[in-house]
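Residue numbers (the numbering used here), protein chains in the order written: chain A, 1 to 184; chain B, 1001 to 1184.
Hints are computed from structural coordinates only; laboratory data are not their basis.
Keep in mind that a hint or two might mislead.
Straight-line distance between alpha carbons at most 20 Å, and here's what the computed SDA-like set of lysine to any residue pairs gives [stated by the list, open to error]:
| hint | chain 1 | residue 1 | chain 2 | residue 2 |
| --- | --- | --- | --- | --- |
| 1 | A | LYS131 | A | PRO85 |
| 2 | A | LYS131 | A | ALA86 |
| 3 | A | LYS131 | B | LEU1094 |
| 4 | B | LYS1131 | B | SER1069 |
| 5 | B | LYS1170 | A | ASN42 |
| 6 | B | LYS1131 | A | GLY183 |
| 7 | B | LYS1131 | A | ALA184 |
| 8 | B | LYS1131 | A | GLU178 |
| 9 | B | LYS1131 | B | PRO1085 |
| 10 | A | LYS131 | A | GLY53 |
Read off the chains here:
2 protein chains.
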Amino acid sequence: METLDAIRLRCSLKSKLSGREVPPDVVGAVLHAACLAPSARNTQPWRFVVVRGRAAVDALADAALPESSAVIRRALVVVVACARPADGVVVGGLNYYLYDVGSAVQNLLLAATDRGLATHLIASFDEAAVKRVLRIPDDVRVVVLTPLAWPDAASYEEAAAERLSQRTRKPTEEVVFEGAWGGA
Amino acid sequence: METLDAIRLRCSLKSKLSGREVPPDVVGAVLHAACLAPSARNTQPWRFVVVRGRAAVDALADAALPESSAVIRRALVVVVACARPADGVVVGGLNYYLYDVGSAVQNLLLAATDRGLATHLIASFDEAAVKRVLRIPDDVRVVVLTPLAWPDAASYEEAAAERLSQRTRKPTEEVVFEGAWGGA
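Okay, chain A solo, but in the shape it has when bound:
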């Protein structure tokens, strides 16, 4: 898929996840793309836990995702993106680990879209429960998680059409400034 098409078509498809098997090599390719993201001083602070199979996904959903449990239970693969804040580069009081994880997960989402896989980013979960279920150390933060699932539709484009028709973005003039803040 063309890069700009992947960027445009990537959207949250929480109501369109199917339980069709996602081969390990597809998951591996998507995670490889994630790891090619840039990071501050190349620290690569991202870590990914891959939860695979009905029993494991259900256990995670039941323990940690009361609000999203029904969504997650439709998928057979969930990727949990984590990082240790102590691994992050701090410049001017900003710890760049969250920035770096954002870059890597964006690569992951675009590579998934390119392969026709549906994703749905979730930042709201019971972090202590995720850590307990996945044996994640105390000093690591769970940042986001997403199912990786074939869409429950004839194609990715068909699955995404309704969602994309509802996409909202701020007007460019509120977000992009020429020359100086607010415009030159």
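Take the given structure of chain A and dock chain B to it, following the hints.
Only chain B this time, still in chain A's reference frame:
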């Protein structure tokens, strides 16, 4: 360009920037791609200041980028990515604005790569000076900046070849865990 090629070819090309004019519509398309990134509760906290032209870029470089001044002075366009932390969604004590800016800038870098533009992410700068030169409000953080420049080579691929041959990434087993932290 294919999505996975853009992800693979994106790299920091600080020694390969040329001063050839980058048309405004190309810069606009790259920024549009940035704004299609997901964000926590669709807050879109990213803001971009576009610095364009020899005098403006030199003024920014001289004031705020003592270490990178020579690099930045080769480019005619610099994009400065900012955000107001107060706009970020806070979940479990994590403010997701830096994560969201990371996602948006990754889209920007990939769209630039797709168009054959060289980029070079910089997180180290005199933030107070950037804010003074670009009239950025006190409550906004300057997160990263990157030049957008045609590469000083016959093609993007040629410009990137040496850098990509030196790319280092942690082994997969240190970063991707199956089933639980450290592996099931």
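### Query
Which hint numbers does the structure go against, in order from smallest to largest?
The structure breaks none of the hints.
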